[in-house]
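Asker: Make the full structure from the sequences, and use the hints.
Chain residues, written in single-letter form:
2 protein chains.
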Amino acid sequence: MMSFLDLVKKRKSTRNFSSAPVDRGKLERCLEAARLAPSACNGQPWRFVVVESLPLREVLAERAFSGVHSMNAFAKKAPVLVVVVTLPTRSPATFAGFLRRFSYPLIDIGIACEHFVLQATEEGLDTCWLGWFNEREVKKVLNLKKGERVHILLAVGCGVVEPTGEKKRKPFPEMAEFR
Amino acid sequence: MMSFLDLVKKRKSTRNFSSAPVDRGKLERCLEAARLAPSACNGQPWRFVVVESLPLREVLAERAFSGVHSMNAFAKKAPVLVVVVTLPTRSPATFAGFLRRFSYPLIDIGIACEHFVLQATEEGLDTCWLGWFNEREVKKVLNLKKGERVHILLAVGCGVVEPTGEKKRKPFPEMAEFR
Numbered sequence: 013m014m015s016f017l018d019l020v021k022k023r024k025s026t027r028n029f030s031s032a033p034v035d036r037g038k039l040e041r042c043l044e045a046a047r048l049a050p051s052a053c054n055g056q057p058w059r060f061v062v063v064e065s066l067p068l069r070e071v072l073a074e075r076a077f078s079g080v081h082s083m084n085a086f087a088k089k090a091p092v093l094v095v096v097v098t099l100p101t102r103s104p105a106t107f108a109g110f111l112r113r114f115s116y117p118l119i120d121i122g123i124a125c126e127h128f129v130l131q132a133t134e135e136g137l138d139t140c141w142l143g144w145f146n147e148r149e150v151k152k153v154l155n156l157k158k159g160e161r162v163h164i165l166l167a168v169g170c171g172v173v174e175p176t177g178e179k180k181r182k183p184f185p186e187m188a189e190f191r
Numbered sequence: 013m014m015s016f017l018d019l020v021k022k023r024k025s026t027r028n029f030s031s032a033p034v035d036r037g038k039l040e041r042c043l044e045a046a047r048l049a050p051s052a053c054n055g056q057p058w059r060f061v062v063v064e065s066l067p068l069r070e071v072l073a074e075r076a077f078s079g080v081h082s083m084n085a086f087a088k089k090a091p092v093l094v095v096v097v098t099l100p101t102r103s104p105a106t107f108a109g110f111l112r113r114f115s116y117p118l119i120d121i122g123i124a125c126e127h128f129v130l131q132a133t134e135e136g137l138d139t140c141w142l143g144w145f146n147e148r149e150v151k152k153v154l155n156l157k158k159g160e161r162v163h164i165l166l167a168v169g170c171g172v173v174e175p176t177g178e179k180k181r182k183p184f185p186e187m188a189e190f191r
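Going line by line, the protein sequences match chains B and X.
Taking the working numbering, the leading residue of the first sequence gets 13, the next gets one more, and so forth.
Taking the working numbering, the leading residue of the second sequence gets 13, the next gets one more, and so forth.
Check the hints yourself; a few may be wrong.
Because identical chains cannot be distinguished in the list, a pair is counted as satisfied if it fits within a single copy or across any two copies.
Heads up, simulated BS3-like pairs for lysine-lysine below, C-alpha to C-alpha not over 25 angstroms straight-line [said to hold, decoys possible]: (1) K22 to K38; (2) K180 to K152; (3) K38 to K21; (4) K24 to K89; (5) K38 to K180; (6) K38 to K182; (7) K158 to K182; (8) K22 to K158; (9) K157 to K21; (10) K22 to K180; (11) K182 to K157; (12) K182 to K151; (13) K152 to K22; (14) K88 to K24; (15) K24 to K151; (16) K157 to K38; (17) K157 to K89.
Since the hints were made in silico from the structure, they are not lab data.
Answerer: Shown next, in the form of structure tokens:
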């Protein structure tokens, strides 16, 4: 067990996955952490499809990360790909989002996925957020509905995380101020 | 120190703040957790303005949470209001977002704010995410720039969190599946 700040520091994206399989219990706890995430009006606009089995995973990865999306081809090696489905919602947040000109569910997806990723870190798993892939093909492969979107995929497994030092971030005074 | 899942379970929105001031060191660690959050192309499209002092906080709260926004009037009592400024970015993620028709910074804001909120929970502070307020007035009060937006405010303090039991969430099989 570690402090939350240590957990945050430990989390790093990996782009170098081994083929070692991932324990189902660990994945279930990651999903549980995501399940408990807060969301606007408690809308929970997500469904997590955990793709482990072959050949589905291979087909998914091939079609998600080819052509102009091959920047993320490393994810083809991940033993688990989580397809985070953003569900269409009809909550007060939908109306509020219309009035305020932004999509609350995107914020919700950010929260829930980071819960997943941080739990994965605690479980000793490595992850990578993926925001660049062929969404249309992903939707086809999983036979998703018209109004559903896939903004984020998560690659999960055991990886080689390069032992970099400090995270490269803006210095504190640039990102925060007290008034 | 507690497990991440216990931290997630402990986090609850409070809408009932006491006037007790908040320790500056605690706030700094919350900001540090947010600072270290991952973001698309490491764009870090955020600035956290922590409003503690009077009369600024009173003016801000009055103008943010009046009229049609008085649903969140409880936040006028919070000893700290964090204005999370979403910065305009020009990273590869901006172009990717254009192509994929969604705003990556909103996901990033979700991640960074939840880091803040979970660290606050670990520090024994209570919080509430606020997504419904008069953004135009908030921007005026803080003299923010034209391209900057404020999607989220965080109320922080010591509150009375009703001892509810389980969080109300969709059951596991409804939000997750293995394939």
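Asker: For K88 and K24, with the copy left unspecified, which applies at a CA distance of at most 25 angstroms: within, between, both, or neither?
Answerer: For K88 and K24, the Cα distance is within 25 angstroms only inside one copy (19 angstroms; across copies 37 angstroms).
Asker: Between K157 and K38, at a C-alpha cutoff of 25 angstroms, which is it: within one copy, between copies, both, or neither?
Answerer: For K157 and K38, the Cα distance exceeds 25 angstroms both inside one copy (28 angstroms) and across copies (44 angstroms).
Asker: Given identical chains, is K22 near K180, meaning Cα to Cα at most 25 angstroms, within a copy, between copies, both, or neither?
Answerer: within (14 angstroms within a copy, 30 angstroms between copies)
Asker: Go through the copies and call it for K157 and K89: within, between, both or neither, with a Cα cutoff of 25 angstroms.
Answerer: neither (27 angstroms within a copy, 44 angstroms between copies)
Asker: Evaluate K158 and K182 at a C-alpha cut-off of 25 angstroms and name the case that applies: within, between, both or neither.
Answerer: between (39 angstroms within a copy, 22 angstroms between copies)
Asker: Is it within, between, both or neither when you check K24 against K89 at 25 angstroms Cα-Cα?
Answerer: within (17 angstroms within a copy, 38 angstroms between copies)
Asker: Could you figure out if K38 and K180 sit no more than 25 angstroms apart (CA to CA) within one copy, between two copies, both or neither?
Answerer: For K38 and K180, only the inter-copy Cα distance (23 angstroms) is at most 25 angstroms; the intra-copy one is 29 angstroms.
Asker: How would you label the pair K157, K21 (within, between, both, or neither) given a Cα cut-off of 25 angstroms?
Answerer: neither (37 angstroms within a copy, 32 angstroms between copies)
Asker: How would you label the pair K180, K152 (within, between, both, or neither) given a Cα cut-off of 25 angstroms?
Answerer: neither (37 angstroms within a copy, 32 angstroms between copies)
Asker: Classify it for me, K152 with K22: is the Cα-Cα distance of at most 25 angstroms met within a copy, between copies, both or neither?
Answerer: neither (35 angstroms within a copy, 38 angstroms between copies)
Asker: 25 angstroms Cα cut-off: does K182 pair with K157 within a copy, between copies, both or neither?
Answerer: between (40 angstroms within a copy, 19 angstroms between copies)
Asker: If the cutoff is 25 angstroms on CA atoms, where do K182 and K151 land: within, between, both or neither? Let me know, please.
Answerer: Answer is between; shortest inter-copy Cα gap is 23 angstroms, intra-copy 36 angstroms.
In terms of the numbered hints stated before, the structure departs from hints 2, 8, 9, 13, 15, 16, 17, listed from lowest to highest.
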